[in-house]
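Peer 1: Quick note, the sequences are listed as chains A and B, same order. So the first sequence is residues 1 to 79, counted in the UniProt record's numbering. So the second sequence is residues 1 to 132, counted in the UniProt record's numbering.
Think of the hints as simulated: they come from the structure by calculation, not from any bench. These figures come from a predicted structure and were not determined experimentally. We put the CB at the ideal spot given by N, CA and C, even for glycine. Don't take every hint at face value.
[Said to hold, decoys possible] Result set (BS3-like, lysine-lysine): computed pairs, CA atoms no more than 30 Å apart in a straight line:
| # | chain 1 | residue 1 | chain 2 | residue 2 |
| --- | --- | --- | --- | --- |
| 1 | A | K57 | A | K28 |
| 2 | B | K15 | B | K127 |
| 3 | A | K57 | B | K15 |
| 4 | A | K30 | A | K78 |
| 5 | B | K123 | A | K30 |
| 6 | A | K78 | A | K57 |
| 7 | B | K127 | A | K30 |
| 8 | B | K15 | A | K28 |
| 9 | B | K123 | A | K57 |
| 10 | B | K127 | A | K57 |
| 11 | A | K30 | A | K57 |
| 12 | B | K15 | A | K30 |
| 13 | B | K127 | A | K28 |
| 14 | B | K123 | B | K15 |
| 15 | A | K78 | B | K127 |
| 16 | A | K78 | A | K28 |
[Unchecked claim] Now the stretches of chain A that chain B is said to cover, found in silico as 3 or more residues with beta-carbon under 8 Å:
| # | segment |
| --- | --- |
| 17 | 9-20 |
| 18 | 60-74 |
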Amino acid sequence: MSEQLTADVTIDARGAGCPGPLMDLIGKVKTADSGTVFELQTSDRGSVSDVPEWVEKAGHELVETVEHEDYWSIYVQKA
Amino acid sequence: MNGYALVVATDEFEKITAASIIGSIAAASDIPVDVFVTMNGLRPFEHEVVETRDFTTGPLGEAMLTSEETEVPLFTEQFRDAREMGPMNLYACTMAMEMWGRELDDYVDIFDGELGVSGFLTKASDKQVIFV
Numbered sequence: 001m002s003e004q005l006t007a008d009v010t011i012d013a014r015g016a017g018c019p020g021p022l023m024d025l026i027g028k029v030k031t032a033d034s035g036t037v038f039e040l041q042t043s044d045r046g047s048v049s050d051v052p053e054w055v056e057k058a059g060h061e062l063v064e065t066v067e068h069e070d071y072w073s074i075y076v077q078k079a
Numbered sequence: 001m002n003g004y005a006l007v008v009a010t011d012e013f014e015k016i017t018a019a020s021i022i023g024s025i026a027a028a029s030d031i032p033v034d035v036f037v038t039m040n041g042l043r044p045f046e047h048e049v050v051e052t053r054d055f056t057t058g059p060l061g062e063a064m065l066t067s068e069e070t071e072v073p074l075f076t077e078q079f080r081d082a083r084e085m086g087p088m089n090l091y092a093c094t095m096a097m098e099m100w101g102r103e104l105d106d107y108v109d110i111f112d113g114e115l116g117v118s119g120f121l122t123k124a125s126d127k128q129v130i131f132v
């Protein structure tokens, strides 16, 4: 299933610690159109739980989180 | 909830970094944040201190400043980014500046101005206060 996921915007935040990945995502989401799908690539373990918390609170949709060997892809769709 | 009023009175690198992270995510999420930097908290914002990284740190702070694997933005950069993304304002404490013998120009360019205690209390009146 995860191979079929496609994103409109990919944010490579690998190597950045908290809160870098989330800040990058928020910045991009703010200026995007509704329905835009983002792939946030992060190697920060905290983002795996922190990003979904923000997504839910902000009213967007967490599509899926895919674990790779040394990073995660968190797919988010803007409401 | 009308936002947060962060009082940064410490010069400890880790505590200021924590305040910058929490405040930044709040502001980026459109939650109003006012940051009042006072007492020893002002010193780490001085140009020379930032340039030389002459911070008061513990082990975690050292790790954050020297890590080659994980990029951790300096608290000044974090505050700067947050001010561009959301409703965040930073104020330096007038009394502490006078005690330090400093002007606003002596600090990194992220402050919106200086405030006395009455000014801060006015801004904090409708917010949850977090003291660091």
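Peer 1: Against which earlier hints does the structure fall short, listed by number upward?
Peer 2: Hint 18 is the one this structure does not satisfy, whereas the remaining hints hold.
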